[in-house]
Amino acid sequence: MSEPVRIQEQDFSQDEEIAALKASSKRTGGIATFLGCARDFSEGRDVSELSFEAYGSMALAEMNRLRDEAIAKFGLLDARIVHRVATVRAGDNIVFIAAGAEHRAAAFDACRWMIDELKQRVPIWKKEVTSWGEAWVTQHP
Amino acid sequence: MSEPVRIQEQDFSQDEEIAALKASSKRTGGIATFLGCARDFSEGRDVSELSFEAYGSMALAEMNRLRDEAIAKFGLLDARIVHRVATVRAGDNIVFIAAGAEHRAAAFDACRWMIDELKQRVPIWKKEVTSWGEAWVTQHP
Amino acid sequence: MIRVLFFGPVAERVRTREMQLDFEPGMTLHDVISQLGAQHPAAFGIVSLIAVNQNQVHDKQVALHDNDEIAFMAKFSGG
Amino acid sequence: MIRVLFFGPVAERVRTREMQLDFEPGMTLHDVISQLGAQHPAAFGIVSLIAVNQNQVHDKQVALHDNDEIAFMAKFSGG
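Residue numbers (numbering that gives the first Met the number 0), protein chains in the order written: chain E, 0 to 140; chain D, 0 to 140; chain V, 0 to 78; chain A, 0 to 78.
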């Protein structure tokens with residue numbers, strides 16, 4: 000069984016992630032997931048590729064903390080977070096988050112909280128390759 | 000490609016549903032899903048099986064309306080709704096809803112709205128088989 | 000002819016899933032409810048939605064037409 | 000020795016992903032920022048988070064220790 004929190008280059012299977020999540024508790028009644036994928040349209044420019052880079056050790060530690068916090072805060076039965084660090088094209092998977100709970104409200108709330116927090120807290124950066132060239136996605140601090 | 004709204008006895012694959020959803024638009028950046036599955040614990044009793052029955056023609060029409068409404072209301076790029084009508088055991092899949100949008104907020108809002116509405120509006124009934132016997136899940140009107 | 004459908008908990012109490020009633024000109028939904036409700040009070044006690052031709056109806060005085068399909072349904076519990 | 004790491008947009012502007020600085024007793028994070036910031040103003044202009052040993056630090060007066068790992072990071076853009 001794969002780890003519930005991973006940073007990896009290769010793609011993942013939702014069926015496998017959900018099977019692993021379900022295996023942790025027979026009490027799971029609702030599973031909310033979020034899948035982020037590469038769009039070919041970003042602020043008016045054609046994005047042909049996205050490339051990700053992570054501060055691996057810190058990112059993985061932060062994702063594990065995030066999962067632990069979500070399980071405690073929302074009373075989840077289990078949760079999984081997978082982020083790819085790779086060069087991807089339009090339609091490719093980037094990030095997958097799953098939250099399993101007895102009832103759906105907690106699963107939805109936790110899943111949304113995890114992706115919002117991940118974007119704020121996990122040291123991963125994205126570079127867009129467009130028809131104009133390539134550029135890191137930066138916002139001035 | 001399978002229909003985006005289905006009532007079926009057999010199980011479904013999330014990977015296949017997500018692939019079909021993505022195929023409808025390259026602009027999809029976020030996909031929120033909900034998977035409802037059978038719990039072995041319901042109000043203190045051990046539930047060993049759940050059995051579903053639908054008013055098939057009306058249920059399918061209502062699920063299609065629900066999908067159309069969600070796409071319009073939340074500006075989705077695509078959505079899928081699959082409900083099994085079968086006898087299932089703990090851990091088995093019951094219902095799957097997926098909402099694809101350019102950004103995650105609309106995908107989450109729409110996914111949650113669809114499962115809430117489905118439970119209110121779609122003529123499907125559930126029977127619980129417990130160690131005490133079997134009983135339709137009814138609430139007096 | 001009017002086709003009457005029952006599902007799940009209602010079907011269990013009526014002990015059938017389908018009935019056929021003769022259509023009579025001027026017949027309303029209320030006439031069907033009165034007739035079947037008297038015969039199956041336990042079943043009709045849990046009816047909370049009625050559909051005619053797969054559309055929910057609230058007005059029991061609605062006129063029926065030959066070949067209409069009526070469903071008497073308990074509160075939904077899918078999902 | 001202090002290990003300094005750069006990622007993504009910061010690494011691109013510094014033109015390297017890693018540097019090593021000699022550790023000196025009494026050295027603070029502020030000393031490192033002053034030294035590197037003067038050499039790489041464009042890179043440090045987009046730094047919005049600093050981690051020491053993989054934990055975010057807000058206090059630039061924090062004392063460093065030999066073998067510490069410092070990362071100067073731009074705003075995250077994962078997910």
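Keep in mind the hints are simulated off the structure, nothing from the lab. Watch out, some of these pointers could steer you wrong.
[Said to hold, decoys possible] For the chain D half of the interface with chain V, some residues (derived, Cβ under 8 Å), not all of them:
1. S23
2. K118
3. I123
4. W124
5. V128
6. S130
[Unchecked claim] Taking lysine-lysine pairs in the BS3-like style, the calculated list, with each CA pair at most 30 Å apart, reads:
7. D:K72 with V:K74
8. A:K59 with A:K74
9. V:K74 with V:K59
10. E:K25 with A:K74
11. D:K25 with D:K72
12. D:K118 with D:K72
13. D:K25 with A:K74
14. D:K118 with V:K59
15. D:K126 with V:K59
16. V:K74 with D:K118
17. E:K25 with D:K126
Where is the CB? At the ideal position from N, CA and C, for every residue including glycine.
Handout entry: Structure versus earlier hints - violations, ascending order
Key = 1, 5, 6 and 10
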